[in-house]
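Q: For chain A, the structure is supplied; the task is to place chain B on it using the hints.
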Amino acid sequence: MNKTRKGRRRSIGAVFVAPYAVFMLAFGVMPALYAIYLSVTDVDGGFTPTANFSKVIDDFRFFSAARHVAFFLGIWLAALLVLVVFLAIVVHAIRARWLSASARLFFYLPGALAGASSVMLWLFVLDPVASPAGPLLRAMGMDSFTNVIQPSHLPLIFAIIAFWTGAGGWIIVMYGALNNISTEIMEAARIDGANPVQVAIHIQLPLLRKWIAYMAVLSLAAGTQLFVEPSLLSQASNAVVPNDYSLNQLAYQYAFDLNDFNGSAAISVLLLIVALVLSAVFVTKGGLFETEDV
Amino acid sequence: MSTTLAARDARVDRARVTSRLTGWSGRSIIGLVLVVATLFFIIPLAWLLIATTKTEHELAVRTPFAIGSWDTFTTNVRQLFDFQSGAVVQWIRNSAYYSIAALVITLVISVPAGYALALTEFRFRRILMVTTLVVMLMPNTALVLPVFLEMNKVGLVGQPLSVILPFSFYPFGVYLTYIYFSTSIPRNLLAAARLDGCSEVQVFIRIALPLASPVVALVAFFSFVQNWNNYFLPFVMLPSSDSYPMQVGLSTLLSSTPAFNPSAAGSESMHLPTLALATIVSMLPVLILFLFSQRFLVAGMTAGGVKE
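The listed protein sequences correspond, in order, to chains A and B. First residue of the first sequence: 17, per our numbering; consecutive thereafter. First residue of the second sequence: 37, per our numbering; consecutive thereafter.
Take every hint as true, because none was put in to throw you off.
Distance condition first, Cα-Cα at most 20 Å in a straight line; then the derived EDC-like pairs of lysine to aspartate or glutamate:
1) A:Lys71 to A:Asp276
2) A:Lys71 to A:Asp58
3) B:Lys189 to A:Asp60
4) A:Lys71 to A:Asp60
5) B:Lys189 to A:Asp276
6) B:Lys189 to A:Asp58
7) A:Lys71 to A:Asp273
Keep in mind the hints are simulated off the structure, nothing from the lab.
Pulled out of the complex, with its shape left as it was, chain A reads as follows (with noise of 0.2 Å):
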C-alpha cells in the first residue's frame, strides 16, 4: 500500500470517529470531570480535596448501603457466572432445533421488561396475597408482603430481579459463542475420550473466558448502580425498605433532599472507583482489550 492510500484511510478514519468523539466528550468524558471536579469543591467552588467524601463516608448510611450494594453484588455475580454458563451449555447441547430455539427464546423473553417494569412485575410476585409463588412463599413461612421483604431477604431478592430480568440475553450471547468453537476441536475431543463435562471445562469454558470476564464487568457495572428496584420497592412497601438502601439512592438523596450535589458527586466518583478497580481485573483476566490486528 502506498503513502497517500495510507495517509487518506487514516483521515477517514477520524471523519468516521468524530460525531462519536463529540458525544464521548459532552456525554462521557465532561459529565465525569464535572462530577470529579464537584467532589473535591464546595459549594461556592472552593478547593476541598476530601471534605465531601469524608462528610458522605462518616454518614451513617453510607456503610450499610455499601454493604446492601455488596452483598447484591456478590450473590447476583455468582448466580450468573455459574448459572448463565451453564444453561448456554445446556441450552447448546440440545440437538432438536426447535427446541433449542424455544428455550432462548424463553429465557430472554424477561429481558423486555427491564427497569420498572421488572420491578412492578416482581412487587406482584413477592406479594403472597396475589403471587404465583404463594403457597411456595407460605411454605417457606412468609405471608405478608412485609414478611417477604425483610431488610436481610432484599440482597437475595434484588439478585433474583435482576437475574430474571438479564440472564436471558447474556445466555445468548454465550450461546453465540459456543456456536464460534470449531467442530474439529470438539470432534477431537471426543475422539480423545472426553466426556460432556470434561469438554465443558477444558475447551468450552477457557474459550468462553472473553465473554465470561465480559459479562462479568458490565453486570458489575450495572450492578453497583442498584437503584430502580430499591427505589420502587421502598415506594411500593411504605418505607419498610428505605429510600437510601442503595449508595446511588443515597447519592440521588444527597442532590435532590439535600441540595448537596458535591456530597453526592462524591458518591458517584466513589462507585465509579470501585467499579473501575475491580473491572480492570477482568479485562486484564478477560483480555477483552484483544484484537486480531495488535
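A: Just chain B now, with coordinates in the frame of chain A:
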C-alpha cells in the same frame, strides 16, 4: 448456493458431535434443567398476563392461574387508559419518541465509529478505544447528575433533547460494532474493493455496511430496549408528567395503587390488575419487537460463528 451447503454440512457435523456427547443420563439432566429454568423465566410473565383478566378480589381469592373474564379485562383496560384523562397514551408516545430518535442518532454515530476503530488508523485511536471501554463500564447513573447539571446550564432540562442526546451516546454499540468489524470482516475483501477502485467511503458503504447488517440490527435492538427501559435519566430530567416516558409513568401508577400505597385511596386509585396491565403495556413494544426479530437477532448474535 455453496454457502448454504457448507452451512448445512456444518450443522450436520455439529448435530453429530453433540448427539454423541449426550447419553440418556445427560439428556434427562438437560431436560430437568430446562424445565426448571423455563418455569422460572416464564411463570411470572404468564401469571402477569392472566392477572389482567381478574378483579382485585379475584386476584386475592382465586388460585393464581385461574383465568378471569373478558369483561373484567376490558374494564381494566378502560381504567388504565382513563387514568388522569389518558396519561398512559401520552407516556407511551413519549417513550416511542425518545427511544426511536435516540436509536437513529446512535446508529448514525456508532457504526462508522466502530468501523473506524476496527479497521482504520487515526490519531487518538487508542485513547478513544480505552475511553469507550471505560465509559461503557462506568455506572450510567454516576453520570446522570452531572449530565443533569450540564443540561441545566444549556437550558435543556425538561426538553425531550435532555434525554434523547444522552441516550444517543451509546459506547456499548460502538464496542459491539468494533468487535464485529475487527473479527468478522475479511480484510482481503476490503483490500480487493480498494484495488477495484473503491474510495474509502465506498468501501464502508458498499462492502462493510451490508456485511454488518446483523450487528447494526443488534445495536439498534439493544439501544432501543435500553432507551425504552431507562428509568433514572428521564426521572431526573423530566419533571412534568406530560413528558414522562412510560417507565416513569409506572411509578406514578404505583403510587396511585392503594394495595402498595395505602395513602393513595381516592377517586383515581388503581386496582392491582390494572397495575398488572400497565406493566404489560409498558413492555409490549419491546416484547413484540423481540418476537418479530428473534430469528434475525439470534443470527446476529451468533454471526461470528457462521464464517463459511
